[in-house]
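Use the sequences and the hints to build the structure in full.
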Amino acid sequence: MAMKRGVCRFGLWRVHVSWSGDTVYRVLFSKTGEGGDVPPEFRLYFSGKPINFGRLNSTGTEEGSPFAEIYREVLKIPYGQTATYGDIADLTGTNPRMVGNAMKRNPTPIIIPCHRVVSKSGIGGFTPDVEIKKLLLAMENANKSGN
DNA sequence: TAAACTGTCCCGC
DNA sequence: GCGGGACAGTTTA
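Quick note on my numbering: the first sequence kicks off at 25 and runs consecutively.
Please keep in mind that the hints were generated in silico from the structure rather than gathered at the bench. From a predicted model like this one, the values you see are computed outputs, not experimental measurements. The beta carbon of each residue, even a glycine, is placed where N, CA and C say it ideally should be. One thing to keep in mind: the hints can contain errors.
Think about it this way: if two alpha-carbon atoms lie no more than 25 Å apart in a straight line, the pair counts; the simulated PhoX-like pairs of lysine-lysine are [stated by the list, open to error]:
1. K73 - K157
2. K157 - K144
3. K55 - K128
4. K128 - K144
5. K73 - K168
6. K144 - K168
7. K55 - K157
8. K100 - K157
Cβ-Cβ distance ranges computed for the label pairs, FRET-style [stated by the list, open to error]:
9. G104 - M27: 30 to 38 Å
10. A26 - S143: 34 to 42 Å
11. G104 - A26: 33 to 41 Å
12. E58 - G110: 32 to 40 Å
13. S89 - E58: 27 to 35 Å
Okay, structure coming up:
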């Protein structure tokens, strides 16, 4: 199956998705770009629907990846809720620094909801821009309970 | 308030 | 192929 590439709008940002069928290979944020198809889950999610991406597979989460266990725990965080780096570190038997590292290396943000992992005393960080994280959390918080 | 701790990836040799 | 530095945090002194 040929890999497709599409762009979905999220506020001022554009979400570039490389995917094929029900597998997502890469999710990137930028301020430019348009056109192409993205999986329907993305359009629903960015339109404010409290959906999950359970149908979609994403690369980087398969066994063998050093961060697989961390990603697996992050995937369990429900829509509209957050966990701290320390929580994930505790669950996976590593340390918070490692969790932040794993989030940064995460090839498919949104699907792996790294924006739901926050610092114990703040929002933490986000690549390429923490502003995206703030927007995502605000959106989920506004829609999680029937709006 | 400052420093140690941690595991992995990336870059330079 | 190997070694040093960097990193989206937390805890302790």
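Right, here's what the structure says about each hint:
{"no.": "1", "hint": "K73 - K157", "in the structure": "holds, 17 Å"}
{"no.": "2", "hint": "K157 - K144", "in the structure": "holds, 15 Å"}
{"no.": "3", "hint": "K55 - K128", "in the structure": "holds, 19 Å"}
{"no.": "4", "hint": "K128 - K144", "in the structure": "holds, 17 Å"}
{"no.": "5", "hint": "K73 - K168", "in the structure": "holds, 8 Å"}
{"no.": "6", "hint": "K144 - K168", "in the structure": "holds, 22 Å"}
{"no.": "7", "hint": "K55 - K157", "in the structure": "holds, 15 Å"}
{"no.": "8", "hint": "K100 - K157", "in the structure": "holds, 18 Å"}
{"no.": "9", "hint": "G104 - M27: 30 to 38 Å", "in the structure": "holds, 31 Å"}
{"no.": "10", "hint": "A26 - S143: 34 to 42 Å", "in the structure": "holds, 40 Å"}
{"no.": "11", "hint": "G104 - A26: 33 to 41 Å", "in the structure": "holds, 35 Å"}
{"no.": "12", "hint": "E58 - G110: 32 to 40 Å", "in the structure": "holds, 39 Å"}
{"no.": "13", "hint": "S89 - E58: 27 to 35 Å", "in the structure": "holds, 32 Å"}
In the structure shown, no violation is registered for any of the earlier numbered hints.
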